[in-house]
Amino acid sequence: MSRRVALEASHAVAEAVRMADVDVIAAYPITPQTHIPERLAEMVANGELDANYIPVESEHSAMSACLGSSAVGARAFTTTAGQGLELMHEAVYIASSMRYPIVMVICNRALSAPISVWADHSDAMAVRDTGWIQVFCQNNQEAFDMTLWAFRVGEDPKVLFPVMVHLDGFTLSHVTEPLILPEQTEVDRFLPELQYRLALDPEKPTTHGAFGPPSIYTETKIAQEVALRKSKEVVLRGWEEFGNIFGRHYFPVEPYKTEGAKTLLLTMGSLSETAKMVIDVKRDKGESVGLINLCLWRPFPFKELRQAVRDANILIVFDRCISFGGPGGPVCSEVRSALYDQAKRPKVVGFVGALGGRDMSVKDFEYVVDRGREIAEKGSEELFEPVEVRGEVSGIRG
Amino acid sequence: MGEKKLKTAYELTWEDMEVGNVITEAGNASLHRTGDWRTERPVMDKEKCNKCALCWLYCPDGAMKLLEDGYYESDLFYCKGCGICAKACRREAITMVEEEEI
Numbered sequence: 000m001s002r003r004v005a006l007e008a009s010h011a012v013a014e015a016v017r018m019a020d021v022d023v024i025a026a027y028p029i030t031p032q033t034h035i036p037e038r039l040a041e042m043v044a045n046g047e048l049d050a051n052y053i054p055v056e057s058e059h060s061a062m063s064a065c066l067g068s069s070a071v072g073a074r075a076f077t078t079t080a081g082q083g084l085e086l087m088h089e090a091v092y093i094a095s096s097m098r099y100p101i102v103m104v105i106c107n108r109a110l111s112a113p114i115s116v117w118a119d120h121s122d123a124m125a126v127r128d129t130g131w132i133q134v135f136c137q138n139n140q141e142a143f144d145m146t147l148w149a150f151r152v153g154e155d156p157k158v159l160f161p162v163m164v165h166l167d168g169f170t171l172s173h174v175t176e177p178l179i180l181p182e183q184t185e186v187d188r189f190l191p192e193l194q195y196r197l198a199l200d201p202e203k204p205t206t207h208g209a210f211g212p213p214s215i216y217t218e219t220k221i222a223q224e225v226a227l228r229k230s231k232e233v234v235l236r237g238w239e240e241f242g243n244i245f246g247r248h249y250f251p252v253e254p255y256k257t258e259g260a261k262t263l264l265l266t267m268g269s270l271s272e273t274a275k276m277v278i279d280v281k282r283d284k285g286e287s288v289g290l291i292n293l294c295l296w297r298p299f300p301f302k303e304l305r306q307a308v309r310d311a312n313i314l315i316v317f318d319r320c321i322s323f324g325g326p327g328g329p330v331c332s333e334v335r336s337a338l339y340d341q342a343k344r345p346k347v348v349g350f351v352g353a354l355g356g357r358d359m360s361v362k363d364f365e366y367v368v369d370r371g372r373e374i375a376e377k378g379s380e381e382l383f384e385p386v387e388v389r390g391e392v393s394g395i396r397g
Numbered sequence: 000m001g002e003k004k005l006k007t008a009y010e011l012t013w014e015d016m017e018v019g020n021v022i023t024e025a026g027n028a029s030l031h032r033t034g035d036w037r038t039e040r041p042v043m044d045k046e047k048c049n050k051c052a053l054c055w056l057y058c059p060d061g062a063m064k065l066l067e068d069g070y071y072e073s074d075l076f077y078c079k080g081c082g083i084c085a086k087a088c089r090r091e092a093i094t095m096v097e098e099e100e101i
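Protein chains in written order, with numbering that gives the first Met the number 0: chain S, 0 to 397; chain E, 0 to 101.
So that you can see chain S by itself, here it is in the shape it has in the complex (with noise of 0.2 Å):
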């Protein structure tokens, strides 16, 4: 029988990859993702969880310990936030590009300086290139749930590529709330042993890692985006899996209350729950507004999204990143971008907010919603309009 308890989403996740029966975690702590590794060492240590724990001295180091394991075909985890991702960023890159299914849990942390330890995703943002898999969670059961279904999607024999969770630091890692945790068989049904073909092995030698002259580099990079776009189809069926085995059902993009909308709101990660409060209230005023929770970040849901934008006349997106000096947030410009050549498309306005921690209340989402349908009908020559900032702002123009 599945229970229900009331657990903190960081230890949602230890749950979630004690129960995957990981091989190896290689992880170094950095506020707010402490509680993962944590807790983690905790199970390895009073053997409630049979694996290397390898207590690394940086996240470079993190990451390099998991190419090695996953290498030899051992299943990995590693878990890091802000900073600690900026250090480990080459090896990010590597993960990917070798294929190797590492999955890793982001507690979401704005980017020094000044120094922050609180959410936004200028993190997430800052590895949005590098070839996995991504996904933002709303809530502690989705941060259960991801992090299983990630070791089943990144590691299935189509896919080969790593995959990070996202959750915000603090508002979500160290929130405590109920949720629904499986059967052992109900997770072994799921996630059968990982299988890795090409994993080390003396008896049968292999090069894992060489050189790509120029007359290789290009043909491994296009095989590799190939790939990834096509991992999308586990990406769905593993969703799909999880929601007949566990009753849960997970979407690449997530309506709320769209049917009819003329308004929609897009939003990421755990404001999304605060943001379907705000749609809950203005669809009690008989307001047509909707939201879209942006959920499967790489691959690009494409098809899902101008699906469920296709009747609206205006598009919010709330970025929690500023793309310095660039074309406005970088989900507003992905999504812009998205919806271009599209013959009838929203009008797309973007707001940039919540950084480094700031709250988004309800009231602060209802301000952008009414704004953003101001600036909807009335334009505006800034690129995107910051909220809840003290002074008037202007002059964030092309």
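Warning: the hint list may mix true and false statements.
As the list claims (entries may be wrong) - Below, computed lysine-lysine pairings styled on DSS-like, alpha-carbon distance capped at 25 Å: (1) S:377 - S:261; (2) S:256 - S:220; (3) S:302 - S:220; (4) S:362 - S:346; (5) E:6 - S:203; (6) E:50 - S:220.
Please keep in mind that the hints were generated in silico from the structure rather than gathered at the bench.
Computed from a predicted structure; not experimentally measured.
Take the given structure of chain S and dock chain E to it, following the hints.
Here is chain E on its own, set in the frame of chain S:
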């Protein structure tokens, strides 16, 4: 896989790439032509050579071949033209000659 081995790097398409670009056969570095990096070529003078094999011993790429008559010759498929053999030769029997001059 046998078919892939026969293709040169310039003939492989993106679809020929193994997952993660893993090289699934051992020992195939010998298929890689490193001789096209060379700007200078070692030329042997058999008059001076006493078959001591120092050039063979010092060559970092194992590119020095023992000939049937006991002399040595550089295998130009692999020789990168580093000149270590010429430096190692006690009898100055090896001269590095610009490829352009040959």
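Here's how the hints hold up against the structure:
1. Restraint check for residue 377 of chain S and residue 261 of chain S: satisfied, since their Cα atoms lie roughly 16 Å apart, inside the 25 Å limit.
2. A C-alpha spacing of about 40 Å is found between residue 256 of chain S and residue 220 of chain S, which places the hinted pair above 25 Å, so the restraint is violated.
3. Distance restraint check for residue 302 of chain S and residue 220 of chain S: the Cα-Cα separation of roughly 23 Å lies within the 25 Å cut-off, and the hinted pair is therefore satisfied.
4. For the given pair, residue 362 of chain S sits about 23 Å from residue 346 of chain S by alpha-carbon distance, which is consistent with the 25 Å threshold.
5. Under the criterion of a C-alpha separation no larger than 25 Å, the hint pairing residue 6 of chain E with residue 203 of chain S is consistent with the structure, at around 22 Å.
6. The suggested pairing of residue 50 of chain E with residue 220 of chain S is violated, with an alpha-carbon distance near 48 Å, which exceeds 25 Å.
Of the numbered hints stated above, those contradicted by the structure are hints 2 and 6, listed in ascending order.
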